[in-house]
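*Asks:* Those protein sequences? They're chains L and E, same order as listed. The opening residue of the first sequence carries number 17 in our numbering; numbering runs sequentially from there. The opening residue of the second sequence carries number 17 in our numbering; numbering runs sequentially from there.
You may find that some hints are simply not true.
Identical copies go unnamed one by one, so any copy, or any two together, can satisfy a pair.
[To be verified] Distance condition first, Cα-Cα at most 27 Å in a straight line; then the derived DSSO-like pairs of lysine-lysine: (1) K160 / K62; (2) K49 / K406; (3) K103 / K241; (4) K232 / K103; (5) K578 / K527; (6) K241 / K520; (7) K615 / K520.
Keep in mind the hints are simulated off the structure, nothing from the lab.
Protein chains: 2
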Amino acid sequence: MSKIKILSLAFFLVLNSSMLLAQNSLDMMPVPKQFSIKEGKLYLNKDFRLAIGGNPNERLYAAATRFLRRLDEQTIQWFTQDQISKKDNDKEAILQIVVERPAEIHLGEDESYTLEISSSKIKITAKTDLGAMYALETLLQLLKADEKGFYFPSIIVNDAPRFPWRGLMIDVVRHFIPYEVIIRNIDAMAAVKMNVLHLHLTDDQGFRIESKLFPKLHEMGSNGKYLSQAQIKDIVKYATDRGIRVVPEFDMPGHTSSWFPAYPEFASASQKYQIETKYSHFEPAPTMDPTNEKLYPFIDAFIAEMVTLFPDAYIHIGGDENKGLQWTANANIEAFKKQHNLTDNMALQTYFNGRIQRILTKYKKKMMGWDEILEPGISKDIMIHSWRGKNSLTEAAKKGYPVIISHGFYVDLLSSAKDYYLNEPFAESDDLTLDQQKNIYGGEAAIWTEVATAETIDSRTWPNTAAIAERLWSPRDVRDVKDMYRRLEKQSDRLEFLGIAHHKNYESMLKRLSNGADILPLKTFVDAVEPMKELSRRKQGITYYTYTPLTMVFDAAKPESKVAREFNSLIEDFVHKPTKELGDQIKNQYNIWAQNHDKLKETIKIAPAIREIEPVSENLMKLSEIGLNLVDQILLRQKGKLKRKERMSFDKYDEIQDTFRAMIKPRGNVEFIVIINATKKLLEETMND
Amino acid sequence: MSKIKILSLAFFLVLNSSMLLAQNSLDMMPVPKQFSIKEGKLYLNKDFRLAIGGNPNERLYAAATRFLRRLDEQTIQWFTQDQISKKDNDKEAILQIVVERPAEIHLGEDESYTLEISSSKIKITAKTDLGAMYALETLLQLLKADEKGFYFPSIIVNDAPRFPWRGLMIDVVRHFIPYEVIIRNIDAMAAVKMNVLHLHLTDDQGFRIESKLFPKLHEMGSNGKYLSQAQIKDIVKYATDRGIRVVPEFDMPGHTSSWFPAYPEFASASQKYQIETKYSHFEPAPTMDPTNEKLYPFIDAFIAEMVTLFPDAYIHIGGDENKGLQWTANANIEAFKKQHNLTDNMALQTYFNGRIQRILTKYKKKMMGWDEILEPGISKDIMIHSWRGKNSLTEAAKKGYPVIISHGFYVDLLSSAKDYYLNEPFAESDDLTLDQQKNIYGGEAAIWTEVATAETIDSRTWPNTAAIAERLWSPRDVRDVKDMYRRLEKQSDRLEFLGIAHHKNYESMLKRLSNGADILPLKTFVDAVEPMKELSRRKQGITYYTYTPLTMVFDAAKPESKVAREFNSLIEDFVHKPTKELGDQIKNQYNIWAQNHDKLKETIKIAPAIREIEPVSENLMKLSEIGLNLVDQILLRQKGKLKRKERMSFDKYDEIQDTFRAMIKPRGNVEFIVIINATKKLLEETMND
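If we strip away everything but chain L, and leave its shape as in the complex, we get (with noise of 0.2 Å):
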């Protein structure tokens, strides 16, 4: 017998890689390229020590002191080593880190690491500390206990990633998003192997960066919630520290709202502007006028100024849902474009673009924008960021342009992390060229802020972000859906002990609104329900304004739930083969459900914030009613027992499906469909002979 389970890059091989994963009990996240497991174990006790050589910096010898700490705040050990330095250089050490030179934090850099772990030592070589770093937050991955105490398994590691941009777009503007937050969420992506954090800065809503040169756009377009400079430095240390790049937005010639109360001279129409407090409904929307000569030099200005801030070769100028309204209704705007024969309105932007891109151009950035600014004429060396659908990735790409997708990673939409993670950037049937390929640098999540505060942010972003850094680290083939979920569970506790407040807002939310009273019966109903999803609580009609309370059970609600999730999974099993085992577990989650509602009845009458989620829980109570049901006729039909006259009847079985349509219909802002669905499922079954 082979000691040595060997896994490869070969297509046979890869296939496996989760069901190796399983078997072993591993839960590296995401997975790496190459790993082949071995027998043995490294056990951990207070000698532990770590050396570290090569070409090492300063970056490599803080991130090691971090990866110290951590792993004894887990193991409580009690290490002695304190902060790492070039003294650590012992070659006796356990853990030996070898890097060959630093690494610079641009697009690009070699990311590749080894990590190989024996029962005596663990050694870890890469090109650059950034993989010497990656190596560190793998080998926290691989901690297992067992009453011997803490270990490393066996394993050899070859690792580096699929795509070079993997990165989290924050909305900062929306809802301020302050710097404590980012400063968690970059230890957050540090954990996923992600390597750009772009902040969406400025927006209709807010004007939420700092400006020494022009100080009235920060004073008055942000009602005082901004980053201010300092901040802003101490983020981009942070990041830079932690081999993340950096890459600011500054959304124009549209979403510019926030910039005109400062200086109205620079819109398109005259006018006194204010801070947005709407999302939409404020067309025509305030837009740069392109044809003010006086507004470049400022730009510039502006530019030059925000270069000093942020090093990384790209800068991102937004550039999309520009209607251009305000132009169409400016006689000297609409002059400029016959006058330089500019057929339409996006043709003018492309003009702004260009304009835009020269100046960029002049303090060595390079401009990316959202994949509006993609038109005839627009520069091939700029940056496509394809949001609006897979198309403009592929015609990007096919065009020559470099391009990241953001599509279908937008974490805000509350989806479920299996529609994340399987959000291929490309598909077989784009017919790309090997070359064309190459154009794609990767991808960006992305956690818009209108229904997400400080509060909420991590829970809409994580860990549904870890599945994504997973699409864009790992081989294209990792895509075993349950042993994501599996892993996923465990890499969401990592998050939460560094600090991630995914979960920890949750309980505290639900005493707010619970008021006073036990939290259960509300919890046990929130646990079961998601938010409604897409933009669909907007679309009930509902103006929802920067002001408007986002403390609602939609918004303690998690976009995806575990126990819908799982309850779903049951009931897959004991269709597939129902023993009575399997249906008591059902129809322990359905009396649950149906016994609470009354409970929860109890609980609205002294908490009036919850009084929305009354006829959802009435409706999950009667689900839970015609679920028992149809889990007893299972059960029967199974033994033999069900008679004939008893049977689901073809009216029944049409008056069930009449309810469960009715209950889909939105209402008080979450929805139980999963269950709905999983339910369904027991009603074809009952069909079924």
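Using the hints provided, position chain E relative to the given structure of chain L.
*Replies:* Below, chain E alone, put in the same frame as chain L:
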């Protein structure tokens, strides 16, 4: 029947304030100086609006905006007002706020306010915006709900604090406490009407503030963990916006190890220095050399830089725990003492203090120091900060020194809320004249961070500090412990909604310790225990370093177990009147603990980090088994069914007492003394006739 229940300052009625609060389910904390409850309710709806008149300032507009958002977040009314400004002066608005003048944020400013709520209007009147801000906090605390919705009860509150100095000292050195933790603690302080944030910024283990003048101080003295000047400015602004003064402490001449890696020439022994990683056992402790004339211009320049950051009149110079062993060992310093007729090291320190005071006076700052500085010859205008005992407080007050107290308010000692609450600054027996009493300006809760980190500091500080805040604000005679606990629980929830992390990290810490196992067995155990009190953990002879992991069961456990406290109440009720119902409740709890041990042992198998608690859990199980028998004995006796020979023998009694004594011995860093003592009450009861 009178429709109005009046409470005045008269002694008789003040005694009843807690009764009145409880009767009316009012949760104000701190209890106002004077209030009268009327009949009537003002229901909230989305038309609720506020207006500000008189002579308001920007600070109050911002505070009113925050109030509105917090009220809306709790009630989900979708209020229509956004940012409050001078345009919000509508006389028809439901909430009318009138202030006479903007406050100066300094010691002794008027903090009084009146709050009147009828069923249709709310009126707040205050001399300054400080009073108005306190009134808004009180108003939020008065929010109630019934089946008709959220409402404010009719009431008249006339409020002002007992002491003008109500502070929280945060040690940001021993473990670095970052910016965002300080910010959220300022929110908490404002919620409990505290008005001084005292930052302990430098100590042996770190120099935690940026000096642009002497950057080597923080660069070589902090391992990169310090508050930048930009952050300090933000903190001071954030605090000032909430009516809170910021007093910085630069501890000297002792507690100064972290100054000397950069400037060894200012120490009293010629050697190489490094940041201290231990908390004691490093005598002779590095100490400034008061005989070095170059030291004073250096401190002068440093203070000149710091006064640009801290506008408050006071600067705290520490001055504590200097044994002066480095001085005694230095022949030059000994010679200086003789030459200047300084008879001992304390006299030399008084000389040093005088020199420092002259520097502070130059910058128009008042000096403040720990009570060691109260020595003959010390200037009369120095604020004494009493910590070693109440004697120093009364001594200072009698000698005519201004003084505040922290003795009995050290929240890192992990005492009960009751102990902190009843820590009355001065007793009748202290025999202070009214003028001498006026020298007592108030007090400060203090959180030292040798065994607290950014993850755990909130759970050590809150809600206990809210009990201290009430001691310093409310009339002396407000001291009903039971009612304090009732209101503290509500206050604790409110602090949680504000973002304080005193509960939020609990489950994630238990999750990390449980290492993937269900956390319930560990939670059942940790809910019942308390971290070992005082410094007994350190007294076990284990040396703690600044990098020792503080993620143990000790660190997760709350300073005071609510489960144990409520269990003790249950037992007291039962002993007072042994009913079957109470007996069953007690037995139910004992059964949970008795049965938990086997489950916890299963967790421990895969969670090596909690091995140390196994013997403690076993003791809790044994105690529970004893307790179950005792309850049965008492119930049998109550029913007259206990036979004489079945009664507790003296031998058995002694044996159980011995068992209890053995259980109290320190093990695993946590204890359950409250439960042992409660069980002892059962034991004593079995011996009664």
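*Asks:* All hints are to be evaluated individually against the structure, with a verdict given for each.
*Replies:* Hint by hint, here is what the structure shows:
1. K160 / K62: For K160 and K62, only the intra-copy Cα distance (16 Å) is at most 27 Å; the inter-copy one is 54 Å.
2. K49 / K406: within (25 Å within a copy, 66 Å between copies)
3. K103 / K241: For K103 and K241, the Cα distance is within 27 Å only across copies (21 Å; inside one copy 44 Å).
4. K232 / K103: between (50 Å within a copy, 21 Å between copies)
5. K578 / K527: Both. Shortest intra-copy (20 Å) and inter-copy (17 Å) distances satisfy the 27 Å Cα cut-off.
6. K241 / K520: For K241 and K520, the Cα distance is within 27 Å both inside one copy (24 Å) and across copies (25 Å).
7. K615 / K520: Result: close both inside a copy and across copies, 25 Å intra and 25 Å inter.
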